[in-house]
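S.K.: Sequence:
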Amino acid sequence: MVAEAFRIQLAQAEPGPAPAPGSETAGTVEPEHKSFPPFDATHFASQLFWLAVTFLFFYWLITKVVVPRISGILAARRERISADIAEAERAKEATEKAAAAYEKQLADARAGAFRIAEEARGQAKAEADATRARIEGDLNRKLAEAEARIGDIKSKALADVGAIAGEAAEAVVKSLADVNVSTQEVGDAVHAALNERR
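Using numbering that gives the first Met the number 0, the first residue of the sequence shown is number 0, and each one after it goes up by one.
The hints are simulated quantities; they were obtained by calculation from the structure and are not laboratory data. Quick reminder that beta carbons are idealized off the backbone N, C-alpha and C, glycines included. Some hints here could point you the wrong way.
[Claimed, not checked] BS3-like cross-link-like pairs, simulated, lysine-lysine; straight-line CA separation at most 27 angstroms:
{"hint": "1", "residue 1": "LYS141", "residue 2": "LYS153"}
{"hint": "2", "residue 1": "LYS91", "residue 2": "LYS103"}
{"hint": "3", "residue 1": "LYS141", "residue 2": "LYS124"}
{"hint": "4", "residue 1": "LYS155", "residue 2": "LYS141"}
[To be verified] If you anchor each label on the Cβ, the simulated ranges turn out as follows:
{"hint": "5", "residue 1": "PHE35", "residue 2": "GLU78", "range": "45 to 55 angstroms"}
{"hint": "6", "residue 1": "SER70", "residue 2": "ALA97", "range": "32 to 42 angstroms"}
{"hint": "7", "residue 1": "ALA191", "residue 2": "GLU146", "range": "55 to 65 angstroms"}
{"hint": "8", "residue 1": "VAL52", "residue 2": "GLU88", "range": "27 to 37 angstroms"}
{"hint": "9", "residue 1": "GLU126", "residue 2": "ALA147", "range": "25 to 35 angstroms"}
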């Protein structure tokens, strides 16, 4: 209905060619088209021709231009992804190798530190043992020297005690008994008494 009104307005707005004077068509209007021109059966052949031409053009355009471009883009993307995956695998392998090398160096460093600590401990123990042995030797030597000195002093003291005891005994005997005793007799008696006490 709207299309029919539109056609009527178009027919009235467009002036047609003026009829020649004296012709039969003077004063008559050309009959209107009864259907929309693309739906008119008289135009189907040309429309089908242009439809086929357009279809073939678009088919050629898609097969020769669009599909190869899309295929190229997809292939490039696939290659880039493959290259990225390969690079990631190489980086992963390098990282794993670096981690393994780091772990090995760390283990070697720990073993070296343990070995150095053991060597230092052994060396310190050896030095401590040597120092202790030297100090014990010095102490034993000093102890032996002290015992020897004490023995000498004791011997001298005992010798002096014997002499002093002999003199004291001689003086006591003289003053108490008023008897003269020889120094030899007094010394022998004192030595006998000292030997009994030991």
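S.K.: Hints first: check each against the structure and report whether it holds.
M.R.: Do the hints match the structure? See the list:
| no. | hint | result |
| --- | --- | --- |
| 1 | LYS141 / LYS153 | holds, 18 angstroms |
| 2 | LYS91 / LYS103 | holds, 18 angstroms |
| 3 | LYS141 / LYS124 | holds, 25 angstroms |
| 4 | LYS155 / LYS141 | holds, 20 angstroms |
| 5 | PHE35 / GLU78: 45 to 55 angstroms | holds, 53 angstroms |
| 6 | SER70 / ALA97: 32 to 42 angstroms | holds, 40 angstroms |
| 7 | ALA191 / GLU146: 55 to 65 angstroms | violated, 27 angstroms |
| 8 | VAL52 / GLU88: 27 to 37 angstroms | violated, 52 angstroms |
| 9 | GLU126 / ALA147: 25 to 35 angstroms | holds, 31 angstroms |
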